[in-house]
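Number of protein chains: 2
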Amino acid sequence: MARPTALSGFPEWLPGEQFVENTFVERVRRVFELHGFAPVETRAVEPLDQLLRKGETSKEVYTLRRLQAAPEGDEKENLGLHFDLTVPFARYVLENAGRLHFPFRRYQIQKVWRGERPQEGRYREFRQADIDIVDRDSLALHYDYEVPVVAAEALAALPIPQVTVHTSNRKLAQGFYQGLEIADPPAVLRVVDKLDKIGPEKVATELRDTLGLSDAQATACLSLAGIATPDPSFAERVRALGVKSDLLDEGLHELTVVMEAANGLVPGLLLADLSIARGLDYYTGTVYEAKMRGFEKAGAVGAGGRYDNLAESGSDRFPGVGISLGITRILGLLFGAGALAASRQVPACVLVAVTSEETRAASDSVAAALRRRGIATEVAPAAAKFGKQIRHADRRGIPFVWFPAQAPDGPHEVKDIRSGDQAAADPATWEPPAIDRVPEIRTP
Amino acid sequence: MARPTALSGFPEWLPGEQFVENTFVERVRRVFELHGFAPVETRAVEPLDQLLRKGETSKEVYTLRRLQAAPEGDEKENLGLHFDLTVPFARYVLENAGRLHFPFRRYQIQKVWRGERPQEGRYREFRQADIDIVDRDSLALHYDYEVPVVAAEALAALPIPQVTVHTSNRKLAQGFYQGLEIADPPAVLRVVDKLDKIGPEKVATELRDTLGLSDAQATACLSLAGIATPDPSFAERVRALGVKSDLLDEGLHELTVVMEAANGLVPGLLLADLSIARGLDYYTGTVYEAKMRGFEKAGAVGAGGRYDNLAESGSDRFPGVGISLGITRILGLLFGAGALAASRQVPACVLVAVTSEETRAASDSVAAALRRRGIATEVAPAAAKFGKQIRHADRRGIPFVWFPAQAPDGPHEVKDIRSGDQAAADPATWEPPAIDRVPEIRTP
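Those protein sequence lines, which keep their order, are chains A and B. full-length UniProt numbering puts the first residue of the first sequence at 1, with every later residue one more than the last. full-length UniProt numbering puts the first residue of the second sequence at 1, with every later residue one more than the last.
A couple of the hints might just be wrong.
One copy or any two copies: either way a pair holds, since identical chains are not told apart in the list.
Claimed, not checked - Straight-line Cα separation of at most 25 Å, SDA-like style, residue types lysine to any residue; simulated pairs:
#, residue 1, residue 2
1, 111, 50
2, 111, 123
3, 111, 128
4, 111, 65
5, 111, 332
6, 385, 135
7, 111, 78
8, 385, 422
9, 111, 22
10, 388, 162
11, 194, 67
12, 297, 159
13, 202, 216
14, 297, 21
15, 388, 101
16, 297, 281
17, 194, 68
18, 388, 140
19, 388, 99
20, 388, 142
21, 111, 29
FYI, nobody ran anything at the bench for these hints, they're computed from the structure.
Kindly produce the complete structure, drawing on both the sequences and the hints.
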């Protein structure tokens, strides 16, 4: 067959890069668990009606079909791949409500799929790391600042540029539009959400021409979206625009509480940025977009918000708040910029040489002794000349080559192939330098 | 909306079970890395022609389609979800051959999907943990025993019943059938593969009636499949059947080498079991089926073998050998039998009580101090009565509740809610017993 080629939008890493991703996932998981978030994984598929019930996302869904299904049949099995981890989690909460304790804190690190035409570096398969807190009936406001604080601590555990969480509140924007007597606030929100992409002039045009706003309304909407402050002073600037509504007051209050508490815990973490809207329809209050320093133009590396109505069934209601970190997107940006790499392509710290195929068992037993003490070790593939065996280690970045004793009581020797230093060593006690034990992540 | 229900064949765990799965994955990964296997992940999708080129599996594939795709179009994008990790890995090796060093050792832990009608406890989505070693042009035989030895070490790191690796060799069976002058050996292999499911009589009938074997041929095939020995004595028993062919000799030699070396390294690990055939067409030599003690009837919890021709392109050929551990299957069996559970449903070891919402920041700061020293901690959801806050911890299995100082210089106290013991403690130095730090896996 012909040599296969990559599929656009479906990233795959080389082993060194995969090691970096695994390390990221492990560190993020560790921080989430330190904060008491419990692990959940959901199946990759959801019934289509579940995926589509909050609108706006239908274009992005991959649907599934069994290859051998009858051409017409199986309509009851209308399944699609999940496009985020929030919708499946809301379904999981409803399905298991009787077996979970609320407020329920969970993290979820999985791949998601979006059936988009690949363009502008968009992924069709990517890994997200989410935390969410849901409660029954109502959810305390303090979780709205806890979530970005935990996310920030997770990101701070990674060797990446600093991340700022741009934060706004849907009630604030929606209340402001209502105060302006705009008929369809969600439609305005969707247009304003394009500010980053198309700029203020085109947004103004679209607000006037497509949504029928007056010049004054459009100008006020753009003025609101132009407000960004690192502290709660955004509230005065909003009030200076002279618009009034109860929902606006509620939004201003919530965002003020969130800004003060989060920046009290992690100074400089949040930026009140009233241009933030978030495309997904399920958010109802606080919304977040995390941007990485130096990569602001690349869009959000994390996003989320509060959703008071996503998980409801009959009279049961489970409001939630959460944030999703774009692991694949962060890695893609930093690998692309040459800003992240592993110090070697394989986990092995030691290659045990093989003197002859007849004595391979002796090399196996040295390797076993080293592994028992946690030293990752492989045995040479063949009893080639030692020079060739050393090259095998060198090409993979394995720092040490072990030469087993040539006689039952003879000395073993180990060579640091970087310095060329070679010395006698005992498989039961020899230790590599701590820095060589596992591959390091380098940020050149 | 109505309360959602589970989808048959797509297992989802509660958080305590997910914790067990995560721990399994972490331990298996650790052993694989100790043996120098490098991490690889492949995308979930492959072009359909790639998935179907080795036959016999077409019925199991889920195909993908963008919801908004034109009814006819997009045929160039014929994608399906991978049904194992071997076919994608072979594709990955061909695609990246110029950037990998051979022999290449990789592990891969991911979910796979099979579009089967759910039945007999079969999963449609499940996690596998694979190791494979591939080389260029030819692959040394010692890897055929290294692979089950590493797999056994990984399984031995898990709190599960002992696993035995039933091992055979395709050349042995195929050479035997050729020696019997049977026209279509692979067809016989496929029928014999059903021995476990339908029993010897039905296999004999099918061999005679469907494949046209003589009574003597069918009897000889069943005699071969009846041979199982814990040592290399299977070879004499095969020779006693009086069938001769070069390929049979080659198979006997390879299986003898593999049995002797593997059982030398891990006594009792391998059982030569000539009934093992493996359904997938890509195996060409050694084949493995791992069975868990007490769950033999449930089928294999691991499987694999050598594939000399799976990864080829033009004149490039990358023979490989590997084994796949069925993580989801193992967990499903043991959860189902009530043989595995987590000691608590959440990672938190400590719940910090909140005296009043005004002093929540004081509780947050105790939690931060404990987390800095690696103690998983959550803060109470609300400043309820302490009795209610203790019940919050109790329901989740959180062993300790922390009561922050009531005055700036006052004493903090911590209560073990199992014993009721309460004592003064300093957030900067207090340590929980080691056994309480993280949830334990229990095997009741």
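Going through the hints against the structure:
no. : hint      : in the structure
1   : 111 - 50  : both (18 Å within a copy, 22 Å between copies)
2   : 111 - 123 : both (11 Å within a copy, 19 Å between copies)
3   : 111 - 128 : both (6 Å within a copy, 16 Å between copies)
4   : 111 - 65  : both (20 Å within a copy, 18 Å between copies)
5   : 111 - 332 : both (14 Å within a copy, 22 Å between copies)
6   : 385 - 135 : between (66 Å within a copy, 19 Å between copies)
7   : 111 - 78  : both (20 Å within a copy, 20 Å between copies)
8   : 385 - 422 : within (17 Å within a copy, 67 Å between copies)
9   : 111 - 22  : both (13 Å within a copy, 16 Å between copies)
10  : 388 - 162 : neither (44 Å within a copy, 39 Å between copies)
11  : 194 - 67  : between (39 Å within a copy, 24 Å between copies)
12  : 297 - 159 : within (20 Å within a copy, 48 Å between copies)
13  : 202 - 216 : within (16 Å within a copy, 84 Å between copies)
14  : 297 - 21  : within (23 Å within a copy, 38 Å between copies)
15  : 388 - 101 : between (60 Å within a copy, 13 Å between copies)
16  : 297 - 281 : within (24 Å within a copy, 49 Å between copies)
17  : 194 - 68  : between (42 Å within a copy, 22 Å between copies)
18  : 388 - 140 : between (65 Å within a copy, 16 Å between copies)
19  : 388 - 99  : between (59 Å within a copy, 19 Å between copies)
20  : 388 - 142 : between (62 Å within a copy, 19 Å between copies)
21  : 111 - 29  : both (15 Å within a copy, 19 Å between copies)
The structure is inconsistent with hint 10 alone, although it conforms to all the rest.
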